[in-house]
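Asker: Turn these sequences into a full structure, and let the hints steer you where they fit.
Residue numbers (our numbering), protein chains in the order written: chain A, 1 to 256; chain B, 257 to 418; chain C, 419 to 708; chain D, 709 to 1243.
Hints listed in this document are in silico derivations from the structure and should not be mistaken for laboratory results. In this text, a Cβ means the ideal position worked out from N, Cα and C, and glycines have one as well. Check the hints yourself; a few may be wrong.
What the hints assert, rightly or not - The calculated BS3-like cross-link candidates involving lysine-lysine, where the alpha carbons are at most 30 angstroms apart (straight line), are: (1) C:Lys440 with D:Lys728; (2) A:Lys157 with B:Lys259; (3) D:Lys868 with A:Lys216; (4) B:Lys356 with A:Lys111; (5) C:Lys440 with D:Lys1003; (6) A:Lys219 with D:Lys1003.
What the hints assert, rightly or not - Part of the chain D face toward chain A, derived, beta carbon under 7 angstroms: (7) Ser837; (8) Tyr854; (9) His910; (10) Cys934; (11) Met995; (12) Glu1002; (13) Lys1003; (14) Lys1016; (15) Arg1027.
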Amino acid sequence: MKPRSLWVFHLNTGACNGCDIEILDVLTPYHDIERLGVKLVPTPRHAHALLVTGPLTRQAYYSARKAYSAMPSKPRIVIAIGTCACSGGIFYNSYAIRRESDRLSLEYPRKGGTSEFLPVDIYVPGCPPRPEEILYGIALLRGLVKKKMGGEHYTVKELVLPRSQFNAWVELLLRAKIRREIGYFDGYALLKDFMELVEKSNSPEELGKMVELMKKRIKDSRLRYGLEMLYKHYIGVVRMYESILAEKKVVLGVSK
Amino acid sequence: MTKSYPFEPEEAPPEYRGLPRINPLLCIGCGACTNVCPPNAVIRIDDCSSGTRRIVLDVGRCIRCARCEESCPTGAIRLTREFEAATDDRNDHVEVVEMKLAKCRNCGSFTDYTERQVHKVLSIIPPGILDFERIRDKLPLCSECKRSLTIINASRVGGEWR
Amino acid sequence: MNLVIPLIIPFITPILDGIARKVRAKIQDRIGPPVLQTWYDFISLFGMESIDASGSLTFRLAPYLAFGSAMAMLFLLPYGDSSPFGFKGDLIAFIYFFALFSAVVVLSGMSVESSYTMAGASREITLSLVFKPAFAVVVALFALKSGSLSIEEITHSLHLAPSVIGAYALLIYITYVEAGFIPYDIAEAETEILGGVLSEYSGRALAVFLWAFQIKRFAMIWLLSSMIVLPFVGGVKALIAQFLTALTIFILMVVYESMNARHRLDIAVRKGIKALAAGCILLILAFFGW
Amino acid sequence: MIGEFERTFGAVLEKKTLGKKKVLYALRVRQEDFPKMVRFLLSMPTVRLFTMVGTDERPFEDAFSVTYWFADWREGEILGIRLYVPEDNPEYPSVASFHKGALWFEREVKDLLGLYAKGLPDPRRLILSDDWPEDEFPLREDFEYYSSPLSERKPQYLPKIEGTSVHAIGPYHIALDEPAHFRLFVRGEEIVGVDYRGFYSHRGIEKLARGRMNYNQVCFIAERVCGICGFCHSTAYAQAVEEAAKIEVPDRARYIRTILLEVERLHSHLLWIGVAAHLTGFDTAFMRVWEVREKVMQLAERLTGNRKTYGLVVVGGVRRDLLDYRVSMIEKFLKEIKKEFDRVVDFLLSARSFVERCRGVGVLTKELAREWDANGPVARASGIDYDVRRDFPYAAYPELSFDIPVYTEGDVLARAMVRIDEVRESLSLIEQAIDAMPSGPIMAGFNEIPGGVEGISAVEAPRGENVHYVMTEDSNVIYRWRIKAATYNNLQTAPDMLRGYTIADAPLIIASIDPCYSCTERIQVMDVGRWEPCP
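Answerer: What follows is the structure, given as structure tokens:
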């Protein structure tokens, strides 16, 4: 079915609002879903499609089912918007969530959400999905774009370890430190650059000089700060390592 | 003002937290991500009869918080900038990485960690800190054998293992 | 020939609606749907089953009756030099079908047990009670001034007078209201009463009803444009001029619509009463020859 | 408040100090004194019922407990009174019988814990679904979070008022983004009575946090309490834990939180202004306001990686830093938003038909606002000068200067004006915060949170106060977490606001609270079309 006209009824089955606001957002000038022939209608009687959001709470279940049955029997498209509607999301096994299937902890794809009670035509995950993601889902339904996702099953034999021995150990310790200084996002990227310097250098003093050089290159004050801290913590780790060796203690067990 | 998406491709901003992806070359199957994931989108399934571990990521359950990225010790799981995950089949959302579990040196049954974990652990221990050869001998032990080893060690007070 | 035009018009109205959506989109700084979008919508709705929500005959027949009365309104209007079914009292017949349309809307709303359609129906009655008399007063004024009840004759025998100018102003206002533009789309308010009487219709019946609303809207605007154009232009040119005027009025109304919020019923009624009072004063003026 | 209270009642109470200006009293004996204490506290003009927490304390106190928290917003003091309710006779004196604001609290405790307030005016089910069995209480420790017992469906509606017809708004209504069920009893178009059945979005978040998560995972579910004020919830939660565990948050993290809290207020208020226009059919204004809002969303996406500012707060700090280029991006966006916001607000308010719809509609008097403990813009539009940011300072607010707009008309227009003014204040707050932002780390270093400690924290969300209470347990788990969203109190004023106005006003009045059902209902009012006939 490639409808040129898609009147949708928005059905919230207990969502946190995030997805609902994004659905309204696709109507607005930047995204303008009306281009694709989509119109938000006030009653399920007018609708071609349901946009379902939310993990399906027990209280919403009955009205949601009624809304579905109030739709004309053809085409009755169901579009699950958001992670909750796709699979129950973060709320999947709460006591307040309606369930028809058991929520085992080991099944996949994970159960929950809209597919519990309605046949779903398009799943649009995201927490919340970007408006572009919703547009993409609608375009997919209309056959305007190609599907990009596909399931993957890897059984790769080889293992790549970017660093080994001492440096790998240092990197693990520094990861935890840099997270506190400038956060994981920028921190890990910076740590990668820093570790390259570490690999290149032969002594902490040489590393110190290279770090100074790098600080001059970086314009961002926060990254400079992060680099400074990394170097400080690096020296700390090296000291600790030396003192352990000095005490000649054999430590049993492997730290995670 | 309107963008021409979806008729023209669009990229999410560099800071965007998009779909998570596992790099199977880096994943060691430690399950750190499965422990921190708030919606349990990443799970760990051990099959003790065939000795495999599967790390299963379901994008359709993921809330994109990037805790997995933060906690992954090898940087195997990353949040990409991709966001186009709409599909008509939920199976498209699943990504599985399968690997072998390590065999216990003592009793031959499968342990609760993978060969890759052992490999990783051995390759990152800094020289001199651990008694290298010994650990290499003792490392792949199942929890049963580990427990009995601990008991043996405890009874050998002052022994070499203390 | 005469019959062909009113038969073509129903196929143009969805395109006009498409234009309105496009204009609105432009005002709102976005691209908007294709101009033919309303047609696509109708085609897909025609392919859908229509659910019988009430089981009553009124409910099932109402969309077709509304469509019929809207079409009848079209047939009574003048196109260029002549009107297909124009006769001495066609304006009265026009008012009749015009009122019938409202009555059908009300009846269809009453035939379902839903508070939304009921609210829609009661709003339609309330509005009709004020604006239909106001319209009648304007028509009476024109009839008094021209001595005729035929639309064509009125347009050809009107003479400029203060009361006539006032009547034109009032006619523009009432056309706007009866065409159901915001702020006067109270009876079909989507965000308040889910589209009023339309809320229980689906599929084919909904398409017919929506189409009937659009035709009625066009008929109202065509009447206004005829009243404006026909006194000055005649022949084939008149038809083109009528159409262009109607299009212009339509677009201007759409523009005005998108600059406003919906009135509450009581505010609309108060404005309606003012219009009615103004109409009565004009009628008195006209009576005294101004 | 604390001083006077102690002088009057101190003798019969056990005292526990939680922090500066925060005290918890336990009343073990003579529960009949309790209503007197509450009356005494609420007679003070600046004291409000902050939140109420019911806890299953059987594992360590051998009883249930209910704690009423009061806040004195002039003195910035918070005071809790804890009553222990024995398992064999689960009853305690009701506050709702003389203070309306406590009604939902007590109904909630009845649903979730099975504790009954003696004299509760409206004992109907509030939170749990209609098909929940009578004798299962999800917040009790012996209830597993994943079990979901079914029973017969028994909706409990108020009887129809004589001579009226029922006009239902919801559970699915285009004017409400979320399911909620208002049953309006109408005479013609006039509303004479209202019945609300909400909590369609009850997702059992508090229990999930207890059953499945550790303290840091809770941050992510706290954000998903509400898709609009998610950042406020996670901040409030993190602050409560930090207070309980005595974790000192780095200064930079406090500033980053403040900036994002204000970004969130911007997008939420713009959202509201747009929706208000949409509800009155003024779609052009809706589109234009949301066009401005879209800028805020893009900004949030670039700052946090998610358009909804999700995933930034963790206990002890924040997860992402504001690099220099992000700061300059904020400045650039702010400049654009400021210019465009002024233009769209002028456009909106110049439409007479819109202003006519808002003026004099949905009036909430100051007295009623006090009785229901209304807060946020709703209270400030009714003349109550109360704002958590100033009165119970948190994050970087004590170091920034800002005005709190207060209007006295109490109608929809006043609420709109409060929000419009607040948008301007937010813009200035973000600018100030950027200028004053210190350097340093963004997360505190700590290993574990201690067990058995308590914390309470409030954050001024766009809709009002979000109060979070936390009680911890060993091994990094939260024992009890209580969320009180602003809408929880504000929504209860809806029947009073609606009465006397027309059906046409109803969506606008309801929306003027800026209700956030999912917030309220983690653990939500409205009536539906024909496809949902009320039984």
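Asker: Taking the hints in turn, state whether each one holds.
Answerer: Quick rundown of the hints versus the structure:
A C-alpha spacing of about 60 angstroms is found between lysine 440 of chain C and lysine 728 of chain D, which places the hinted pair above 30 angstroms, so the restraint is violated. Taking the CA atoms of lysine 157 of chain A and lysine 259 of chain B, the gap is near 44 angstroms; set against the 30 angstroms cutoff, the hint is violated. The straight-line distance between the Cα atoms of lysine 868 of chain D and lysine 216 of chain A is roughly 76 angstroms, outside the 30 angstroms bound, and the hint therefore fails. In summary, the hint linking lysine 356 of chain B to lysine 111 of chain A is supported, as the alpha carbons are separated by about 27 angstroms, within the 30 angstroms threshold.
About 24 angstroms separates the Cα atoms of lysine 440 of chain C and lysine 1003 of chain D, which keeps this hinted pair within 30 angstroms; it holds. As the CA atoms of lysine 219 of chain A and lysine 1003 of chain D are separated by approximately 26 angstroms, the hinted pair is consistent with the 30 angstroms bound. Taking 7 angstroms as the C-beta cut-off, the interface hint given for serine 837 of chain D holds, the closest approach to chain A being about 4 angstroms. The interface hint given for tyrosine 854 of chain D is met, as the beta carbon of that residue sits about 4 angstroms from the closest beta carbon of chain A, less than 7 angstroms.
Checking histidine 910 of chain D against chain A by beta carbon gives a least distance of about 5 angstroms; that is within 7 angstroms, so the hint holds. The beta carbon of cysteine 934 of chain D comes within 6 angstroms of a beta carbon in chain A, closer than 7 angstroms, and the hint placing it at the interface holds. The interface hint given for methionine 995 of chain D is met, as the beta carbon of that residue sits about 6 angstroms from the closest beta carbon of chain A, less than 7 angstroms. The criterion of a C-beta within 7 angstroms of any C-beta in chain A is met by glutamate 1002 of chain D, whose closest approach is roughly 5 angstroms, and the hint holds.
Hint status for lysine 1003 of chain D: violated, given a least beta-carbon distance of 9 angstroms to chain A, over 7 angstroms. Satisfaction of the interface hint for lysine 1016 of chain D is found here, the shortest Cβ-Cβ separation to chain A being roughly 5 angstroms, below the 7 angstroms cut-off. At a threshold of 7 angstroms, the smallest CB-CB gap from arginine 1027 of chain D to chain A is about 5 angstroms, leaving the interface hint in force.
In summary, the numbered hints that this structure violates are 1, 2, 3, 13.
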